[in-house]
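Dock the two chains into a complex; use the hints.
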Amino acid sequence: MLNDLKNRITVAKVGDYKFIRHRYIHRLIYVALLFTIWQTVISLELYPRYLLPSPYDILQTLIYGFSEADYAFAIFESLRRVIIGYLLAVSFGILAGIGIARYNFLDTTIGASLTALQSIPSVAWVPLALLWFGISETAVLFIVILEAFIPCALGVRSGVMNIPREIIRAAQTLGSKHLDLYIRVVFPAIIPQLVTSLRLSWAFAWRALIAGELFVSGIGIGQSLELGRSLADMSQVIAMILIIAALGFISDNLLFRTIEKNVREKWGLV
Amino acid sequence: MGASLMVVEVNKASLIYAGAKHKGQYILKDIDLTINDHEFTCLLGPSGCGKSTLLGLIAGFVKPSSGEILLDQEPILRPDINRSLVFQEYALFPWLNVIENVAFGLRYKINNKEERFMHAAKYLKLVGLQDHSQDTIAQLSGGMKQRVAIARALAVEPSLLLMDEPFGALDDHTRTNMQELIIEIWSKLKTTIVFVTHSIDEALLLADRIIVMASPDSGPYSHGEIKADLRISDPRPRELIDLNHYRREIQELLYQKQSFDAGI
Numbered sequence: 001m002l003n004d005l006k007n008r009i010t011v012a013k014v015g016d017y018k019f020i021r022h023r024y025i026h027r028l029i030y031v032a033l034l035f036t037i038w039q040t041v042i043s044l045e046l047y048p049r050y051l052l053p054s055p056y057d058i059l060q061t062l063i064y065g066f067s068e069a070d071y072a073f074a075i076f077e078s079l080r081r082v083i084i085g086y087l088l089a090v091s092f093g094i095l096a097g098i099g100i101a102r103y104n105f106l107d108t109t110i111g112a113s114l115t116a117l118q119s120i121p122s123v124a125w126v127p128l129a130l131l132w133f134g135i136s137e138t139a140v141l142f143i144v145i146l147e148a149f150i151p152c153a154l155g156v157r158s159g160v161m162n163i164p165r166e167i168i169r170a171a172q173t174l175g176s177k178h179l180d181l182y183i184r185v186v187f188p189a190i191i192p193q194l195v196t197s198l199r200l201s202w203a204f205a206w207r208a209l210i211a212g213e214l215f216v217s218g219i220g221i222g223q224s225l226e227l228g229r230s231l232a233d234m235s236q237v238i239a240m241i242l243i244i245a246a247l248g249f250i251s252d253n254l255l256f257r258t259i260e261k262n263v264r265e266k267w268g269l270v
Numbered sequence: 001m002g003a004s005l006m007v008v009e010v011n012k013a014s015l016i017y018a019g020a021k022h023k024g025q026y027i028l029k030d031i032d033l034t035i036n037d038h039e040f041t042c043l044l045g046p047s048g049c050g051k052s053t054l055l056g057l058i059a060g061f062v063k064p065s066s067g068e069i070l071l072d073q074e075p076i077l078r079p080d081i082n083r084s085l086v087f088q089e090y091a092l093f094p095w096l097n098v099i100e101n102v103a104f105g106l107r108y109k110i111n112n113k114e115e116r117f118m119h120a121a122k123y124l125k126l127v128g129l130q131d132h133s134q135d136t137i138a139q140l141s142g143g144m145k146q147r148v149a150i151a152r153a154l155a156v157e158p159s160l161l162l163m164d165e166p167f168g169a170l171d172d173h174t175r176t177n178m179q180e181l182i183i184e185i186w187s188k189l190k191t192t193i194v195f196v197t198h199s200i201d202e203a204l205l206l207a208d209r210i211i212v213m214a215s216p217d218s219g220p221y222s223h224g225e226i227k228a229d230l231r232i233s234d235p236r237p238r239e240l241i242d243l244n245h246y247r248r249e250i251q252e253l254l255y256q257k258q259s260f261d262a263g264i
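Going down the list, the protein sequences come from chains X and B.
Residue 187 in the numbering used here sits at position 187 of the first sequence; the count goes up by one each step and never skips.
Residue 49 in the numbering used here sits at position 49 of the second sequence; the count goes up by one each step and never skips.
You may find that some hints are simply not true.
[As the list claims (entries may be wrong)] Covered stretches of chain B, going by a simulated chain X footprint (3 or more residues, C-beta under 8 Å):
id, region
1, 76-85
2, 103-110
3, 136-142
Calculated from the structure, these hints are not laboratory results.
None of these values were measured; they are calculated from a predicted model.
Every residue, glycine too, gets a C-beta built ideally from N, C-alpha and C.
Isolated chain B, as found in the complex (with noise of 0.2 Å):
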């Protein structure tokens, strides 16, 4: 927060596989990336390119082999309540109701218990939950459940908010709703967000800027690197049909990598 602009750098972050099978293999090569200040930005491509491994290493849950990754000129080295992350599979806390997850890192920001629970409440309204805290997790629906995780990330009001494929999980007019419901947060909030998906619309629909990844050749150990990067500067809310002169660029991108890869 404050004046700087730039919020992560990562330098030259490599990282090799660690287990004993493919000891030495990149996972990741000699990646640079920075991402600014208030910026959407999509993390997209295939699976296996590596993409949810960055956000790993932005989290801080696993540190590159060789190169930095710094927020704010201060390396990464752990997992902190600056960088909250929304999963895939949700991973709220079941023996905890719907407002105590989201209260669940005020613990470390607000002392008073009343008052955590009064933003906490703030939080649960901005995703539409706000009749729903006192419900049990087992209770909800998916759709539900990811709006309490995305709830429970911003209430601690992180500087970056990282997100791994958070609607990978639910149906597609749950998909649709969440992906209005997050570009609403954003414009309200300008919270940082680094967003990873596979699905090319996702990104186009979402994102100032889209980070196309890849792995260069063919075989399944083979590491990931960035295709491109690409500005999307329309204005949201977005249709498809007006951004298909990006989807042929992305998937040009990718079937290059494609038609290489059936050379070989």
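Next up, chain X with everything else stripped away, as it sits in the complex (with noise of 0.2 Å):
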């Protein structure tokens, strides 16, 4: 019967494998059809070569890049620039959001606001920034701030809410009080709406970094994007683009929602 068992769950494990390797092969099949659509309307020739490189361009354009120019060094600055912004707005962000949670004068003035800051678009803010901070790095850390901030303590906030009642009043049976009550339990409780949270911050910090680097000068992605604009050279254009979603999907899919998937495992949330 061990050994009838044992075989089931080496046939479930490789049907899992199966399934996985399908899910490669659904989406290389995908990518390799996209790629053959873009070659083929390259070849009628419909579009001047200007205004829609070839993939095989785009790839010199990157090699290029990498190699000669300066991209490494811009994705470099972008990183720095992105990672600074965020790793300020979110400790904000988690002060506030547990402060909002704790006191109701706060989550009636603060946090109502926060909501209604959250509906503006981060390129908004931009000719404010721009005025305040000059075309500098300044301006765009503002922005990141801003928006990698609000994500954040907004999701700090109905995660202290949402803490079981239960939760909190066992610990407070334990002996837990004051700070301690804080640090041992709230805290923690809030870890699985925590990654969550930042994971969005994550993605708003992107995407205002992105939209601030545009209007100002210096080096980074963004800049390189409006240095490919202002040239019309539209392959710079295409692989900066690329650059951005392939960031993106590295520290959105690979990074946060693993550790986000592990972490509400732990919890007992699936």
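Right, dumping it as structure tokens:
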């Protein structure tokens, strides 16, 4: 019977593996199909090459950009900028979120205004930031921090408010109180919600970064994208968009979603 | 603990609804109750009679609007480690494993970490989960979770163990096992227990003393009060069949109320 069980488990594993392999095959076919259509449109010469470069042109731009030009440095600068802004934003966001959840008067004032601010798209802040800080890195950081702060603070707020009352009460009857209660219970209890908020904040920070960089001087992905436009270099424009997509995909799907999934499993939420 | 025999004293405690919708309505009115050392007391009554609220008052989560609640002559003002609570929904900390959950409150009693875990292991053994000390909470069944919660509440060696419908979320078979377990533990430790339940059978099987609670009149916002205070001195383990006269008595108390309701 044990053998039978073992067999069944093995079969299930092989099945899973097959399923995963199929998923990759499907994705591969999909991407190949996209490239085929793209290449076909190019060979039909419906559009001028400078408006619609071929996949090969873009590959060449990318190779040149990374080996001869400053693509790697642009990515490094953008990441440096967004990480600084993001870390500042989420540090304040966590504290603000806990404060808003703790004190009713903060919720009716700051909490309510954050909800209103959240509906403003990040580009709308660009003119304001440029007038205040000039066409500098500070302006970009301002937008990144503002955009990443809001979802983090609101997420932490709702995380704290949704902690089951019994969890807090159990801790209190076991002797925990004041700051100790926050450190040992409130903070760990909101970690699943916190990870989701951190992922959202990162997505907002990333979008705000690119929006801000389009308008300021210096080195970065947004600047290279804008340079591509002013030089009418469509290859560079598309290459930058691909880089933005790739970095976004790696951070969101591979990094944050993996952490999120593991945390939710541990906290018994799946 | 110590020489005093009396543990909890509830003196004319009332609680008034604080929410905006039914401001001024009584939830509990003029409750008088004394709970003695080492006694197993059940608060029994239909839902909405205020039995869990009374337990919350004893725990210190809410303060009475008038009257007072004393523990060994001292008024109860806030939750404290000498009154631990077991909840229906377990309320375990999912970010900690089993033994860490049990050791949670020991942080405030024992400085040495190793001693803390040894002490926690003792209580984990008491509930029969010594082989699961490293399990995560998500891995456990409902019955096992409640065992951990009981071990966690007992490990801090409270003068009063409060239990709020602790077996209400469990299936019949597990509930029977847990009832046997709690009697076994109580016989060993003689911790004073206040146990809230709406099941007459459960109260009959477990308690030295049953406080029957009900709302005196119909309507969803009527206040709860104590209807009867019964002493069950039958030896344990008990068979329900031997307790029929008590059951009839309690049912009559609750049925009286119902027919009274119907008459209005």
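Structure-based check of each hint:
1. 76-85: holds (count 7)
2. 103-110: holds (count 5)
3. 136-142: Since three or more residues must qualify, the claim that chain X covers the region 136-142 of chain B holds, with 3 doing so at under 8 Å.
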